[in-house]
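Engineer: Sequence:
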Amino acid sequence: MRATQIHNLENAEQFKNQLLIWSQQFDDVVWLDSNNYKQNHSNYEAVLAVDAFTSIQTGFEGSFDMLKEYQSNVNDWIFGYLTYDLKNDVEDLNSKNFDSLEFPDLYFFQPKKLFLFKGNQVEIQYLNCVDDELEEDLKNICHCEEVRRGNLSNEEKQVKIKLRIHKDQYFEKVNKMLAHIHRGDIYEANFCQEFYAENTNIDPLETYLKLNSISKPPFATFLKFGDKYLLSASPERYLKKDGDTIISQPIKGTAKRSADMEEDEALKEALSQDTKERSENIMIVDLVRNDLSKTAIKGSVEVEELTKVYTFDQVHQMISTVTSKVEETTNPVDVIKSTFPMGSMTGAPKISAMRIIEDLEETKRGLYSGSVGYFSPTGDFDFNVVIRSILYNETKNYVSYSVGGAITAKSDPLKEYEECLVKAKAMRHVLEN
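Going by our numbering, the sequence shown opens with residue 225, and the numbers climb by one from there.
These are calculated hints, taken from the structure and not from any lab test.
Idealized CB from N, CA, C, for every residue including glycine.
Treat the hints with caution; some may be incorrect.
Label-pair restraints from in silico Cβ distances [to be verified]:
id, residue 1, residue 2, range
1, GLY283, SER482, 33 to 39 Å
2, GLU552, ARG407, 43 to 49 Å
3, VAL646, PHE322, 24 to 30 Å
4, HIS231, ASP604, 21 to 27 Å
5, GLU552, LYS532, 27 to 33 Å
6, LYS320, ILE438, 31 to 37 Å
7, GLU528, ALA494, 37 to 43 Å
8, GLU422, THR228, 41 to 47 Å
Once the Cα atoms are required to be at most 30 Å apart in a straight line, the calculated DSBU-like pairs of lysine-lysine come out as [unchecked claim]:
id, residue 1, residue 2
9, LYS492, LYS440
10, LYS649, LYS634
11, LYS649, LYS400
12, LYS647, LYS386
13, LYS588, LYS522
14, LYS240, LYS400
15, LYS386, LYS649
16, LYS500, LYS400
Build the full structure now, drawing on both the sequences and the hints.
Structural biologist: So, in structure tokens, the structure goes:
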């Protein structure tokens with residue numbers, strides 16, 4: 225079904241860069257890059273999938289059933305995304321908030337051309353119908369100018385970022401969220417706000433390269449689907465299937481970085497000891513354990529790592545790792561459906577939290593706090609959480625990024641607001657310089 229070649233690369237970074245530039249000619253592009261971040265559960269250092277041979281695009285109704293059918297029938301690599309609003313397929317919920325990005329709720333495609341990076345090797349897999357293009361493509365890739373520095377900047381274009389929720393309104397809404405918590409409706413919810421720019425055109429690839437270079441996260445993504453783009457510096461894995469093992473790695477708990485080494489270490493240590501941040505994380509770990517148990521072999525759900533602090537270029541983050549085992553007969557799409565949307569972006573109890581979020585937020589989340597990833601031909605999969613991301617609708621000249629934080633009984637609205645600004649820093653820097 226696929227012609228395969230393996231090439232040793234003299235300069236893997238240069239080849240990746242050239243490959244990304246070459247990929248821009250296609251309407252369907254998914255680039256996933258771990259930035260060589262050291263982690264326990266990793267298959268590839270980077271992956272590029274381009275040029276749809278077949279695809280599926282749906283609204284939320286029946287989306288998981290349609291995806292299941294598509295994934296089973298194609299029986300090949302498929303790449304794509306799930307928006308947060310697929311919650312409406314899983315539960316009796318709706319999404320009526322303002323949406324200026326207009327991404328379809330679900331999109332997956334079977335790529336004609338696929339590049340898988342490990343170390344200094346790239347494995348190239350082309351569908352047989354295009355395998356005669358492989359040699360010519362390689363020549364063209366190697367002739368791509370390494371970085372299009374000429375149009376690197378949004379500097380000449382003044383990007384004016386606006387707030388969908390202003391500071392006083394944010395405090396008001398967080399206080400409403402706290403009232404729900406004190407009343408016992410929920411005990412944690414992730415509350416998000418949008419920053420946006422209208423009548424703005426950006427160079428998606430350059431913006432992504434810039435965002436990635438200042439963040440270097442393990443789940444970076446460049447996604448292009450026609451006129452719609454996701455430029456993501458996500459540090460978070462949502463869910464991975466490796467054989468019979470399911471791995472979830474929720475992030476809850478954030479601290480800023482410092483240029484001063486001693487102060488940076490102190491910030492990291494303070495995060496690891498912070499009772500509020502730890503409790504936020506542990507609440508979501510309980511939720512993830514419960515979600516995984518729906519498809520797990522009885523007694524197989526385990527917490528591999530609890531509230532461990534990891535350091536990224538922009539922030540320190542508290543991450544836990546929860547695993548389970550599934551039967552060979554369990555459908556991979558069912559594992560995703562039974563845990564979607566991810567607990568770190570919803571709250572607990574999950575359904576009540578999602579209802580309250582919908583009521584208090586001003587923007588439809590869409591792909592933000594959804595997920596991008598792939599299924600392999602054997603039914604394994606790996607998906608990230610779409611956070612620390614810029615979304616762009618090229619036709620509408622609309623640029624957007626959202627940030628959020630977990631609200632618990634101990635939340636101080638001002639501190640939550642400041643945490644949002646820390647998370648937004650990289651995206652703002654890239655867009656506004």
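Engineer: Please go over all the hints and tell whether each is borne out by the structure.
Structural biologist: Evaluation of the provided hints:
1. GLY283 / SER482: 33 to 39 Å: This hint is violated: roughly 45 Å between Cβ atoms.
2. GLU552 / ARG407: 43 to 49 Å: The hinted range 43 to 49 Å holds for GLU552 and ARG407, with Cβ atoms some 45 Å apart.
3. VAL646 / PHE322: 24 to 30 Å: Holds - the Cβ-Cβ distance for VAL646 and PHE322, about 25 Å, lies within 24 to 30 Å.
4. HIS231 / ASP604: 21 to 27 Å: holds, 24 Å
5. GLU552 / LYS532: 27 to 33 Å: holds, 31 Å
6. LYS320 / ILE438: 31 to 37 Å: holds, 35 Å
7. GLU528 / ALA494: 37 to 43 Å: violated, 24 Å
8. GLU422 / THR228: 41 to 47 Å: At roughly 45 Å between Cβ atoms, THR228 and GLU422 fall inside 41 to 47 Å, so the hint holds.
9. LYS492 / LYS440: holds, 18 Å
10. LYS649 / LYS634: Distance of about 24 Å is within 30 Å: holds.
11. LYS649 / LYS400: holds, 26 Å
12. LYS647 / LYS386: Cα-Cα ~16 Å, so holds.
13. LYS588 / LYS522: Distance ~37 Å between LYS588 and LYS522 Cα, so the pair is violated.
14. LYS240 / LYS400: violated, 47 Å
15. LYS386 / LYS649: holds, 14 Å
16. LYS500 / LYS400: holds, 19 Å
Hint compliance for this structure: hints 1, 7, 13, 14 are broken, all remaining hints hold.
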